[in-house]
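**Q** One-letter residues, chain by chain:
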Amino acid sequence: MRVKVNDRELELAPGTSVIDAVFAAGYDVPYFCSQAYMSPIGACRMCLARIGAPRKDRDGNWLVDDATGEPKVFFFPTMMATCTTVVMEGMVVDTLSKEVKDAQRGMVEFTLINHPLDCPVCDKGGACELQDRAYEYGTGRSRFVFDKRHQEKHHPLSELITLDRERCIHCKRCVRYFEEVPGDEVLDFIERGGHTYIGTLEEGLPSNFTGNITDICPVGALLDATSRFRGRNWEYDHTFTTSLDDASGSAIVIDARTGRIERIKSGINPEVNKSWIDDGIRFGHEYAGDPERLRRPLLRRGDAFEEASWDEAAAFISERLGGLSGKDVGIAIRADATLEEGVAARALAELIGTGQVDHAPRHGPSLVPVHGATLQDLATATAVIVLGDVTEELPALDLRIKDALKGVSPPPLFAHGVPIADLRLKERMPRARERLTVVAPYRVGLMQHAGRPVVVPVGGEAAWLQAMTDVANGTDPDEGALGMGRAEAQGLVRQWREASKAVMVVGGFVLASAKATDAAAALAKAVGASQLLVPPMANGRGLEITQVLPSHARYDYRGMLAGSAKALLLSGLDPARDPATAARLGACELLVVHDLFLTDTAKLAHVVLPGKSGYEKDGTTVSLEGRFLPVRAAPVDNGEAEDLTGVVKVLGEAFGKRLEGRSVRSARRVLRKELGFDPAELDRLGLLHDLPRRRSGVSVGPRQEATGAALRVPTMVRPEYLARNPRLRAALGDLALRLHPADAAGHDLHDGDEVRVPVDGAPWRLRIVLSEAVPRGVCLVPATPDAPVGRAHVALEQVVHERRALEVA
Amino acid sequence: MSTSRGHELPTVTPFFADKQDLLARILSRYPDYGRRSAVMPLLWEVQRAERHVSRARVDEIAEILGLHATEVKGVMSFYSTYHEHPVGAYHLQVCRTLSCSLAGADELAAFLEEELDLVNGETDAEGRFSLQFVECLGSCGTAPVLQVNDSYFERVSRSRCRALLDAMRRDALPAPTVERGGDNEVVRVEGADRSATGEAGEGDRA
Ligand code: SF4
Ligand code: FES
Ligand code: FES
Numbered sequence: 001m002r003v004k005v006n007d008r009e010l011e012l013a014p015g016t017s018v019i020d021a022v023f024a025a026g027y028d029v030p031y032f033c034s035q036a037y038m039s040p041i042g043a044c045r046m047c048l049a050r051i052g053a054p055r056k057d058r059d060g061n062w063l064v065d066d067a068t069g070e071p072k073v074f075f076f077p078t079m080m081a082t083c084t085t086v087v088m089e090g091m092v093v094d095t096l097s098k099e100v101k102d103a104q105r106g107m108v109e110f111t112l113i114n115h116p117l118d119c120p121v122c123d124k125g126g127a128c129e130l131q132d133r134a135y136e137y138g139t140g141r142s143r144f145v146f147d148k149r150h151q152e153k154h155h156p157l158s159e160l161i162t163l164d165r166e167r168c169i170h171c172k173r174c175v176r177y178f179e180e181v182p183g184d185e186v187l188d189f190i191e192r193g194g195h196t197y198i199g200t201l202e203e204g205l206p207s208n209f210t211g212n213i214t215d216i217c218p219v220g221a222l223l224d225a226t227s228r229f230r231g232r233n234w235e236y237d238h239t240f241t242t243s244l245d246d247a248s249g250s251a252i253v254i255d256a257r258t259g260r261i262e263r264i265k266s267g268i269n270p271e272v273n274k275s276w277i278d279d280g281i282r283f284g285h286e287y288a289g290d291p292e293r294l295r296r297p298l299l300r301r302g303d304a305f306e307e308a309s310w311d312e313a314a315a316f317i318s319e320r321l322g323g324l325s326g327k328d329v330g331i332a333i334r335a336d337a338t339l340e341e342g343v344a345a346r347a348l349a350e351l352i353g354t355g356q357v358d359h360a361p362r363h364g365p366s367l368v369p370v371h372g373a374t375l376q377d378l379a380t381a382t383a384v385i386v387l388g389d390v391t392e393e394l395p396a397l398d399l400r401i402k403d404a405l406k407g408v409s410p411p412p413l414f415a416h417g418v419p420i421a422d423l424r425l426k427e428r429m430p431r432a433r434e435r436l437t438v439v440a441p442y443r444v445g446l447m448q449h450a451g452r453p454v455v456v457p458v459g460g461e462a463a464w465l466q467a468m469t470d471v472a473n474g475t476d477p478d479e480g481a482l483g484m485g486r487a488e489a490q491g492l493v494r495q496w497r498e499a500s501k502a503v504m505v506v507g508g509f510v511l512a513s514a515k516a517t518d519a520a521a522a523l524a525k526a527v528g529a530s531q532l533l534v535p536p537m538a539n540g541r542g543l544e545i546t547q548v549l550p551s552h553a554r555y556d557y558r559g560m561l562a563g564s565a566k567a568l569l570l571s572g573l574d575p576a577r578d579p580a581t582a583a584r585l586g587a588c589e590l591l592v593v594h595d596l597f598l599t600d601t602a603k604l605a606h607v608v609l610p611g612k613s614g615y616e617k618d619g620t621t622v623s624l625e626g627r628f629l630p631v632r633a634a635p636v637d638n639g640e641a642e643d644l645t646g647v648v649k650v651l652g653e654a655f656g657k658r659l660e661g662r663s664v665r666s667a668r669r670v671l672r673k674e675l676g677f678d679p680a681e682l683d684r685l686g687l688l689h690d691l692p693r694r695r696s697g698v699s700v701g702p703r704q705e706a707t708g709a710a711l712r713v714p715t716m717v718r719p720e721y722l723a724r725n726p727r728l729r730a731a732l733g734d735l736a737l738r739l740h741p742a743d744a745a746g747h748d749l750h751d752g753d754e755v756r757v758p759v760d761g762a763p764w765r766l767r768i769v770l771s772e773a774v775p776r777g778v779c780l781v782p783a784t785p786d787a788p789v790g791r792a793h794v795a796l797e798q799v800v801h802e803r804r805a806l807e808v809a
Numbered sequence: 001m002s003t004s005r006g007h008e009l010p011t012v013t014p015f016f017a018d019k020q021d022l023l024a025r026i027l028s029r030y031p032d033y034g035r036r037s038a039v040m041p042l043l044w045e046v047q048r049a050e051r052h053v054s055r056a057r058v059d060e061i062a063e064i065l066g067l068h069a070t071e072v073k074g075v076m077s078f079y080s081t082y083h084e085h086p087v088g089a090y091h092l093q094v095c096r097t098l099s100c101s102l103a104g105a106d107e108l109a110a111f112l113e114e115e116l117d118l119v120n121g122e123t124d125a126e127g128r129f130s131l132q133f134v135e136c137l138g139s140c141g142t143a144p145v146l147q148v149n150d151s152y153f154e155r156v157s158r159s160r161c162r163a164l165l166d167a168m169r170r171d172a173l174p175a176p177t178v179e180r181g182g183d184n185e186v187v188r189v190e191g192a193d194r195s196a197t198g199e200a201g202e203g204d205r206a
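Going down the list, the sequences are from chains A and B. Mapping to our numbering: the first sequence position 70 is 70, numbers consecutive. Mapping to our numbering: the second sequence position 206 is 206, numbers consecutive.
Quick caveat, the hints were computed from the structure, so don't treat them as lab data. In this text, all values refer to a predicted model and were calculated from it rather than measured experimentally. The beta-carbon is built from N, C-alpha and C at its ideal position, and this holds for glycine as well. Warning: the hint list may mix true and false statements.
[To be verified] Computed Cβ-Cβ distance ranges for the label pairs, DEER-style:
no. : chain 1 : residue 1 : chain 2 : residue 2 : range
1   : A       : R55       : B       : D106      : 45 to 51 Å
2   : B       : L98       : A       : E427      : 48 to 54 Å
3   : B       : L98       : A       : Q448      : 43 to 49 Å
4   : A       : P741      : B       : A172      : 36 to 42 Å
5   : A       : G639      : B       : V12       : 21 to 27 Å
6   : A       : A745      : B       : E122      : 45 to 51 Å
7   : A       : G485      : B       : E84       : 44 to 50 Å
8   : B       : D106      : A       : P741      : 54 to 60 Å
9   : B       : D32       : A       : V121      : 35 to 41 Å
10  : A       : P457      : B       : R29       : 18 to 24 Å
11  : A       : R2        : B       : D32       : 42 to 48 Å
12  : B       : L98       : A       : S97       : 33 to 39 Å
13  : A       : R765      : B       : D32       : 55 to 61 Å
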């Protein structure tokens, strides 16, 4: 379509909105209600322009202007909202004339009539769309001499989001967001006309994706409660980086001020998280600023710790190591360490001469699928099979799956980014639920959106997958394991097979078992689906492909803890909750713990080294789809904290060696050779880079799979830090033990009780949550890095009440 | 974490428990994908029977239609027809938009406030009268207009208003005035003698 915007002519695809035409032509038009990835609704009337187009007569010939001989342009009688108007052949758009400017000025004035103009005390000030647009397009003077509307200014929509109802300009972005993006319609306009306000009846906004509305609100009406009144926008240092909270590779922006992280906003990566992040990523950062963080190394002197310098700590470690045989030393890092830290761990292991090096948590099976899918594949799939609870395990997947149900393929990209007004998107679009099958051992949130939810028994995934594979291969299935009639199973299989693109998402419940993982691969193969495997932590896939793995299965992390190592260096891991492990750790000849806090394990250590959080590291991570993404350090005051490359540097020096991996730069030299590209050159969008399945295909996994009738389930939040994230904790409550009400009755448990209960023999303090979503006889407890997703034993008969919920008569 | 609804289910008897036929009839008017459209008739059934729609009823309707309570509340609050708190037996709605305003609606409103000792939005202790100011009732030609429950009373002068109030206090509300023809004809008031109070006439002066 040929379109002329002011003086510039351009060629655009049919279906493009006029507002995108204007931006594509390099002009600007103000707007409030349109928002990338959401439907245009023409609510704010800010994007007005004068639009004209040629017309045809009855015979289909262009009506011609006699004077010029050109097709005559007929202008619409009124200004048009450019966001809801589609381009037409020969269209002429005028955004510069006086009439247009007057109309825009009028709209700014109208929008400001009831706006309190309290920018000096508003958190959005300096980064506010209304402020900017009023400045660019307004008159700078108000003629409104009457009383403004007064409404509530500090309304807590939830513990995480505060609403100022006076500032709201009723663009409806937040309301539409909940319906269109996560599909949880928990927010709505209440009342009408000048009295309209945003409100909810749902206590605490029950959705895992509420924080995004604070990003898209064009004014300061919706604010992130963790950062309220913490700083002005121009004072923040913005760090564009990748979240290490899960393996989605979501782009985030860390806003820090005077050495403290104040808030996290969603970054933009159209192929990964678009512009959305979950609440765990957004609000789960407060722990990084906790006053109890370790700032200097600690050395044990008798029963107490003394602060020491890094050199003293390193000298102590190297001296102790000198007296040990190298192969008795174990090194384990948490699976959200960067690739560079992985290289450092490998280099240190090589120096010491040990094969006992591992990352944890790590499932037995490889995280590199044979036929891998990308997140874009998932978002454009016509059949999706989900095994597990992705809304908690890797929430970004949940949103991409909902994209697939809408069936709107990725939007075109303009020079100004994705369309501001994508006219294919509508409010309340029909969702093709039949595309989605969700299989889990309890009722998970995503099942509400699934055409076919299947609840399998605990540990029953392998049998279900096997039975479905049999159906697909035409052999006799175990009908009992199908959970549905054979005809229906055949229908499902046919649907997956005939789908133009089928993607299977494999979560932790399946990956915890080698047998189930193989069965999943077999089913995927049988129906022609590609796979996404969900790593237990951010960089699981990266640490696997860069071989931060033991030389032998018995030297894995569990093996080290079980006694194969006499000396241990643990980075970010805290296995001491289990009493037997704690006893063995206490007996170690050398225990070095590298962590943010004085954890239970650190308390047993000889040396404690201050570590960096995922917000403070420079490095590289690999997401679940195999995308290499840069991690950048926000300027945070963390004392003398170092990541593992820093640890390896001083240790190497103590041994008189300059190790590879002694700095991020030196580690990258190694990575460049191994990967074939330089991680330092990655841009924010990252790089999908398929590494050959080298040794990574080999299963170096736990030799024994967990048993038990209970389940450790993934949570969106990081349980290990929940206590230090006060806002998130207030919003979501303490770590929960979830069970069916009928089971609770037998153990005198009530909703909200706080109890102590052994989980696999380790004591846990948990809050009882009764839920019909949990099958009878099952209880759900949170998974942690040291006790990842999978089966467990919960000794309900040993429950001790810490505090009873107030009985409501 | 858990995204379960945060509040207890209502313990009151569901409104539609003994009205399954009615419910089925209402739902049958809409295709399955448009089930949510039934929110209006369901709200209306409750409002008519209970003179308000309580939170428990909002939850019940949400449950029936598979919506969040917030959405039901959004619809309900949009219309001045639905009420959170019970309205009185006589729900007086005074139009104060332009035509009525010019014809003395503000004086009428002040008179009612004084007479009933109520302000906009209030219901008296007895539960007899509720007073509400509303926007244009679409009967501008016969301003000022007072709507009592579902009926219009037109050209309501102060004396007429006083007479109406007295009648309502005796529970003898007269039939509505039907001056304009048209819309009001469809308001059938059981047993009302139209010629008794109606100022008959063409009156299409709007
Ligand atoms: S709260 Fe913000 S996003 Fe929501 S309608 Fe108001 S201005 Fe728009
Ligand atoms: S009307 Fe709001 S952006 Fe067009
Ligand atoms: S102005 Fe009162 S009915 Fe129209």
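**Q** Now tell me if each hint is right for this structure.
**A** Against the structure, the hints come out as follows:
1. A/R55 / B/D106: 45 to 51 Å: holds, 50 Å
2. B/L98 / A/E427: 48 to 54 Å: violated, 33 Å
3. B/L98 / A/Q448: 43 to 49 Å: holds, 48 Å
4. A/P741 / B/A172: 36 to 42 Å: Violated - the Cβ-Cβ distance for A/P741 and B/A172, about 55 Å, lies outside 36 to 42 Å.
5. A/G639 / B/V12: 21 to 27 Å: Check failed, 58 Å falls outside 21 to 27 Å.
6. A/A745 / B/E122: 45 to 51 Å: holds, 47 Å
7. A/G485 / B/E84: 44 to 50 Å: The hint (44 to 50 Å, Cβ to Cβ) holds, given that A/G485 and B/E84 are roughly 47 Å apart.
8. B/D106 / A/P741: 54 to 60 Å: Holds, since B/D106 and A/P741 (Cβ atoms, about 57 Å apart) stay within the stated range.
9. B/D32 / A/V121: 35 to 41 Å: violated, 50 Å
10. A/P457 / B/R29: 18 to 24 Å: violated, 42 Å
11. A/R2 / B/D32: 42 to 48 Å: holds, 44 Å
12. B/L98 / A/S97: 33 to 39 Å: At 34 Å between Cβs, range holds.
13. A/R765 / B/D32: 55 to 61 Å: Since the Cβ atoms of A/R765 and B/D32 sit about 46 Å apart, the hinted range of 55 to 61 Å is violated.
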